[in-house]
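Engineer: Using the sequences provided together with the hints, build the complete structure.
Protein chains: 4
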Amino acid sequence: MKRYILRDQKSIRANCGVFGIYNHPQAAIMAYYGLHALQHRGQESAGIVTSEYLPEKRKYHFNIHKDFGLTLNIFNAKILTEVLKGNSAIAHNRYSTAGASDRRSNIQPFKVVYKDGNLALSHNGNLTNANTLRLKLQKEGTIFQTTSDSEIILHLIARSRKKNIINKLKEVFNIIKGSYSVCILTDDALIAARDPFGIRPLSFGKLGNSYLFASETSSFDIIEAEYIREVEPGEIILIDEEVVKTGKEKSFRFANAKEYKHCIFEYIYFSRPDSIIFNEKVDKVRRKIGSNLAVEKPPPKQDRTDNKRIIVMNVPDSSNTATIGYVSEVSKTRKDVKHEIGLIRSHYVGRTFIQPGQDIREIRLKTKFSIIRGVLEGRRVIIVDDSIVRGNTLKLLVKLIKKANPKEIHLRITSPPIISPCFYGMDFPSKEELIAYRHKGNVEEIRKELDVDSLEYLSIDKLLESVPYSTKKTGYCTACFTCKYPIPIDDIEGNSKEKFED
Amino acid sequence: MKRYILRDQKSIRANCGVFGIYNHPQAAIMAYYGLHALQHRGQESAGIVTSEYLPEKRKYHFNIHKDFGLTLNIFNAKILTEVLKGNSAIAHNRYSTAGASDRRSNIQPFKVVYKDGNLALSHNGNLTNANTLRLKLQKEGTIFQTTSDSEIILHLIARSRKKNIINKLKEVFNIIKGSYSVCILTDDALIAARDPFGIRPLSFGKLGNSYLFASETSSFDIIEAEYIREVEPGEIILIDEEVVKTGKEKSFRFANAKEYKHCIFEYIYFSRPDSIIFNEKVDKVRRKIGSNLAVEKPPPKQDRTDNKRIIVMNVPDSSNTATIGYVSEVSKTRKDVKHEIGLIRSHYVGRTFIQPGQDIREIRLKTKFSIIRGVLEGRRVIIVDDSIVRGNTLKLLVKLIKKANPKEIHLRITSPPIISPCFYGMDFPSKEELIAYRHKGNVEEIRKELDVDSLEYLSIDKLLESVPYSTKKTGYCTACFTCKYPIPIDDIEGNSKEKFED
Amino acid sequence: MKRYILRDQKSIRANCGVFGIYNHPQAAIMAYYGLHALQHRGQESAGIVTSEYLPEKRKYHFNIHKDFGLTLNIFNAKILTEVLKGNSAIAHNRYSTAGASDRRSNIQPFKVVYKDGNLALSHNGNLTNANTLRLKLQKEGTIFQTTSDSEIILHLIARSRKKNIINKLKEVFNIIKGSYSVCILTDDALIAARDPFGIRPLSFGKLGNSYLFASETSSFDIIEAEYIREVEPGEIILIDEEVVKTGKEKSFRFANAKEYKHCIFEYIYFSRPDSIIFNEKVDKVRRKIGSNLAVEKPPPKQDRTDNKRIIVMNVPDSSNTATIGYVSEVSKTRKDVKHEIGLIRSHYVGRTFIQPGQDIREIRLKTKFSIIRGVLEGRRVIIVDDSIVRGNTLKLLVKLIKKANPKEIHLRITSPPIISPCFYGMDFPSKEELIAYRHKGNVEEIRKELDVDSLEYLSIDKLLESVPYSTKKTGYCTACFTCKYPIPIDDIEGNSKEKFED
Amino acid sequence: MKRYILRDQKSIRANCGVFGIYNHPQAAIMAYYGLHALQHRGQESAGIVTSEYLPEKRKYHFNIHKDFGLTLNIFNAKILTEVLKGNSAIAHNRYSTAGASDRRSNIQPFKVVYKDGNLALSHNGNLTNANTLRLKLQKEGTIFQTTSDSEIILHLIARSRKKNIINKLKEVFNIIKGSYSVCILTDDALIAARDPFGIRPLSFGKLGNSYLFASETSSFDIIEAEYIREVEPGEIILIDEEVVKTGKEKSFRFANAKEYKHCIFEYIYFSRPDSIIFNEKVDKVRRKIGSNLAVEKPPPKQDRTDNKRIIVMNVPDSSNTATIGYVSEVSKTRKDVKHEIGLIRSHYVGRTFIQPGQDIREIRLKTKFSIIRGVLEGRRVIIVDDSIVRGNTLKLLVKLIKKANPKEIHLRITSPPIISPCFYGMDFPSKEELIAYRHKGNVEEIRKELDVDSLEYLSIDKLLESVPYSTKKTGYCTACFTCKYPIPIDDIEGNSKEKFED
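Residue numbers (this note's numbering), protein chains in the order written: chain X, 3 to 504; chain H, 3 to 504; chain Z, 3 to 504; chain S, 3 to 504.
In case anyone wonders, no lab produced these hints; they're calculated from the structure.
A portion of the hints provided could be inaccurate.
To be verified - Calculated lysine-lysine pairs in the BS3-like style (CA-CA distance at most 30 Å, straight line):
| id | chain 1 | residue 1 | chain 2 | residue 2 |
| --- | --- | --- | --- | --- |
| 1 | H | Lys-404 | X | Lys-283 |
| 2 | X | Lys-170 | X | Lys-59 |
| 3 | S | Lys-59 | Z | Lys-286 |
| 4 | S | Lys-450 | S | Lys-401 |
| 5 | S | Lys-172 | X | Lys-117 |
| 6 | X | Lys-337 | H | Lys-286 |
| 7 | H | Lys-474 | H | Lys-290 |
| 8 | X | Lys-283 | H | Lys-310 |
| 9 | Z | Lys-310 | S | Lys-464 |
| 10 | S | Lys-141 | S | Lys-59 |
| 11 | H | Lys-172 | Z | Lys-141 |
| 12 | S | Lys-310 | Z | Lys-290 |
| 13 | S | Lys-337 | Z | Lys-310 |
| 14 | H | Lys-334 | X | Lys-340 |
| 15 | X | Lys-87 | X | Lys-61 |
| 16 | S | Lys-450 | S | Lys-404 |
| 17 | H | Lys-138 | Z | Lys-165 |
| 18 | Z | Lys-334 | S | Lys-310 |
| 19 | S | Lys-401 | S | Lys-337 |
| 20 | S | Lys-290 | S | Lys-474 |
Structural biologist: See the structure below:
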């Protein structure tokens, strides 16, 4: 889960997407569409494992296909129907990087054989005691074939002396720490589980007599499956033949947190607006964040000498929804502000070639975004964006927008300054690369570096006011804004990366 | 130029994009970016021809690379720098289709040798007397290696007895009829020309000491070239070494129309919003069309029993700009209407796999668009779209949106009903497939077929009121809405297609 | 037909292979196997054109698929059955080169439309007045889309005013000069023709009710077709529906040479040993050449001090057959000589990577050939090879063999020294690169350069004594050994290459 | 090591090739050429692992690249120089199969991390107690990520409590049974070892200051390395920095067999003729086998009514050398026999497409071999071949040869009938598929099935008389001919395959 990579042009080190389905005659095709709807969670690689019963051998066979690339390039009809046979499947999307044929072994799902049969795993999240566990296991004679912390989970399951898979998992989940939303496929069951704090999302759904799990409900919608509920933090759900017959999933508790610690960044940026996560629609939360930003950090005052309306523009497509919320709120009280499309996002972003003296990132940005000169020229412009990580892309975007000669540029950010890394799966760059950390949170300095006329962030209080509290235990992890880490980080920072990255 | 193909999910048979550059040390890389910014005009194939002077042979060599696929997949650094050497280049994007390895010969630019040296051509448009000319040329002993009407232009140039290329071209342009925006590369010059009616756009620009032509100015912006002016309808512009020295392009007139007949559909749908065509910014025109639609075809009246605001949604990304115009106008007078994002467009549209009993187009649409249930549920919804061709996609989209249980769905279209084919390069499907033709323009019947609560088209008068008249001669071709064809169609309809399509 | 290229590791600029079939339900699959059996005649590219009757349109459609690469990589089941439909086909193999995406247009068969319908051409050979004809045609307004001399044939057919295809062809064949074995596909016929001197081979065969033409009979054997006879020099054979009914091919004469001038190099090296060409089995001729070499240029005398037998070794696989002939003849009189395998040829010749200070050709040779040390060590070794062109490969081979410490190395060549280029399709390198030309035919000097103990060539007289004279008119072109060119070379040497190679 | 696969057209389930190099600045390029020269030992997949010292991290990094396909297609300059950096490397070739993306995890070398650092393994051979060990390890909590028996070796090394790698290996080699020639790369050493019976070959060589190991010496010749000696059966050789300095390899003994049991089939068919294995040149042994066959099973008697000589033909290229030996011996006493080339082997064997009613294997054979009709027609023909496994290919070959109408066909086989499977790495098909097993060794019945005039096998005694006994301990495994298995097979036959093949 650990490598540092540019996702798209946002310097957020990405997350992953997991999916599982039980009892569907076209499990692999469902998994394909499910992955498609989770593509935004990881563009480096994707994989599907299916469980196929071989009647003549009276045993299960696990089929696998995984590769680097986008879901749509990795799978084709032949692979989905002839290779990936079987009624159950788990799948995984991983974040994007270049090259790295070396890391092929890290592509998930992992598929192994252990004493009780076949076992496959898809994991979204990050273990915070991976380093410790790894050293311990190696000492005991374990070999590691990947550099992924997810492999540890498999070793621990195989080494557990507990009698059945649920007891094994309960044992394992009391050993590992950190964030994990997992789908596990065994010879006769599909299992999903979520860490005690519910850091990453994981949903449970149904499609006819099939049962499904997915990181986001967008996976359910694309195949018209029904959303039932979240997998609860600290809960294991097991689906087997019996569940299909009774219609009642088997639920087990392995932990009981006082307060959940959902990743608030999933609402700010990462999840798709059409998904439900943490019991609420993302787009609704995102619009609320946008309108609260408008309340807290309104547009600059009217300029008496300028009778043209202030333009509020979104950065397509990441801040579309929040911008609607912002403008909608502002329009209630002010007439001098209007929403406009100032940037066009290309559907064909591709290779770029440097010329001497040019900045490759600048060119890449121009192949992705183009400005609508007429909209921006001579105007006071407010750009609503979701977050600032390194600031590099935003700096280039500002530079690009300035070519249209706007009168002023004002930045409004729908989250507080990011000052600290995430150890639970959202792989930001190192502290030293975070623009807000570099400027010790001094917003005026950041504004200068970004070269804009004003810059305002949403406050942490207002952010927490914008998100839902649908259960008694609902709470959020805001460590990247506040440095308050809800789960202890056993591994000394950076250590695990240096030690096991090969 | 002629095949019928689905472009994206819009059943408009597409157009092409042309590009030319003279006197740039990295002509091919410039052409690559230029094509990138014209990708929306054709996704089937792309090609670049460069002119390289070989001092040891004292002659020019034309390098070429072209293939099926998107620009970003066809070219790489090695091809652009090692194969496509030379200081001048022309390039071409062609519309998208499946398979058709048979048609490889039709990929442009075309490159030939004739009595005066090398000759290469990129053509956007459609000749209306291609059939007649082709038969005549064949009778005279000419062989045709492609099924493209553009090949005719090359034969006519080679067969002209006029002394220089300009005189040859004047002769040829008085023989061919129809629409043509062309870039031509000869051993010592880059030439651009546009048909007398200026049906397709063609712009002229400058970058340092380099001269450029492109279908749309988006090609200039991406490489930071300066837009000078349009190539005039009926004008030939020639760039050679002398022009580089004097800084003054050589302009020639071969025709003088009373009134130009720009393709109004370029403004409605085809061109990029950030481009300038026909002397005006596309996004500005498109917003004007949107606001005029609001004036002429406003949202349904308020429902006293429903105090929730009416939602206006765009179809991303084709109607984004027009929707902004629509909402902006409506907001002036009504408080019960607001803009919302009800559809998310995926950045990863890919392969889809049919299951028995499923509609492949429906699945494909779902991999492209996802609905924001919370925005639409229980609401009165207005969808602003740019045009309806066959109606198939819109029908599916309506079906998809209905899954969110909106209270009502109202369609507002920023163009009149399409009732007749285009013979000038915008390849709509056959008459019989046009939904408005099938229903003889009866809007109520179309509404029923689309299964919406109301349907309103912009009128032709209001459309013509929305577009700019920047010169005395400005005029528009509206044949697809009105059946009034400004240029006679020599070829009996369909004949040329049947005869020469192999 | 003209580019200079290394074929395999032999510096002979290669030839091509042509194939045609009429009236077979799986014409494309037959053509595929036919090309496979002609693969040795050209490894650069391959193509197939099929003629498919479309009953609903009541016309013929020509399908085409061609690409760079080996036959087996270019075609697959889908292309052969779904793209290349139709009952008749022509096909072509072209010589091997690197890169050259520029030359894609030169890949044959060529397919065009002309006044009488579709027309496709496969050509093996080389026109000697191509330059003259090309300039003339250009002057008359013709454009050239390829740099191939074969395109000229198509233009001349299209421009002929004669009434039917046979008369047109008769006219064209009286205009063009040089060597040509061609297969032509029209809407209703398959036509084969051969130049008046019969320089390149062309065979005529039958398979059930299907008729076939191929450069070599190896194409017939692979699909178990029956060899009927050669297409005669100066003959046109036309196959149409009527021929299928009557069972009698239509034969036409357009020329009547006093003496044929078959390329003797086809027997020495180029054709496959299992083929029949020029009315005789190649392997039989090649063995005869080998045994005549033994008679004329026997092994060195026995060395009284060395009681080990002299080793005769072949260069696999090109001199296998001739070596058998040589050893067989020698064994009649001498007991001190035996055949051994001293070189192994790898079936997997591939990419090679240079290290500083290394000779890439040497490495490549080593990936292709490996020596059997034990066979050669301390022995007097005779290497039988078919010809020496540049001598580079042989020099490296001698160097390689010396690593096994043979006592002596003696070279015996089954052809005379090559001192002059071929203008009829066998593209040797330029005169200056020919080792025998460089040494003005001085065999002792060549021996020194090759660094062997003795070197002997077969004499021209003995060579001519080895080849068959099956008809009254049989004769051979030996220009590469004698400089006597049977057909005048209109184009000044090299001129056409410089002028038209782009 | 275990899957059953057609190798080329011979139904022998193949072997593998291993390679290792220490202390060479271009270790990966050397490994590439080494693999190239071992390509015949496995065509399914290939891989290279290199060890690179990262000074800034003060640790070793293992780079890896492996894939399905031929060596020449898997690697390119970029991968060899930019990915596979480092001064030491091990490599592996694996047998050929179709598809099986599922088995990607089985491609060697394997690379893992264990308590002492990095570890990589290349294994040629087959463990006979793999099943037992696997179950035991699983019971102890081990997970298996591949279905290869080679993975067991890695687990055992990691779990050993012995202090250094040599002691660990000694322990492991006393646990595993069966055949193994292995190359192992650790952070600071390259290690090679061979099972106590020396079943598979493994050579030790030197190139400047670099040390090498390879399955066959052909790998040394291609890079001009010097052959030093065999890795002894029961020996471990370790190369580290100290060895480079002292010039003396570190040798360790872990077993001492009374008699070695080299696989005699390596001499008959599998190894390359230019290699030295088991202390002798393969081609020399193979010629001896051929001449002994001539002594024991001479050609049929002369036919007084037929004055044409009997033809002895080889099956290219597998029986080339043995045929030379056979003919050479026969020629000493008989004048009525001569060697001829009756079959040509194509260098371009490729895809084949079935037509209804055709036998795909027959077509494939015809694309590979073509007969020289003139050589065989009306003749008494002796085919010398190395072995008969299933007999299918030979049956087709006889059928093909009969098309040339030979008078008689006589088969002479340079090995005894194969009646029993191999459990030591030479994967023949199942017993029931072996033609000699099916006919219970009845040669007359086999002759009838093959439809030839006579069939003679070399006897086991004469075979054993043909092979070298260069050391006191030299001995051979002839289990496939005699059912006498020198190493006990713990795993019940087929069990391991069924159990662990996924």
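Engineer: Please list, smallest to largest, the hint numbers that this structure does not respect.
Structural biologist: 3 and 10
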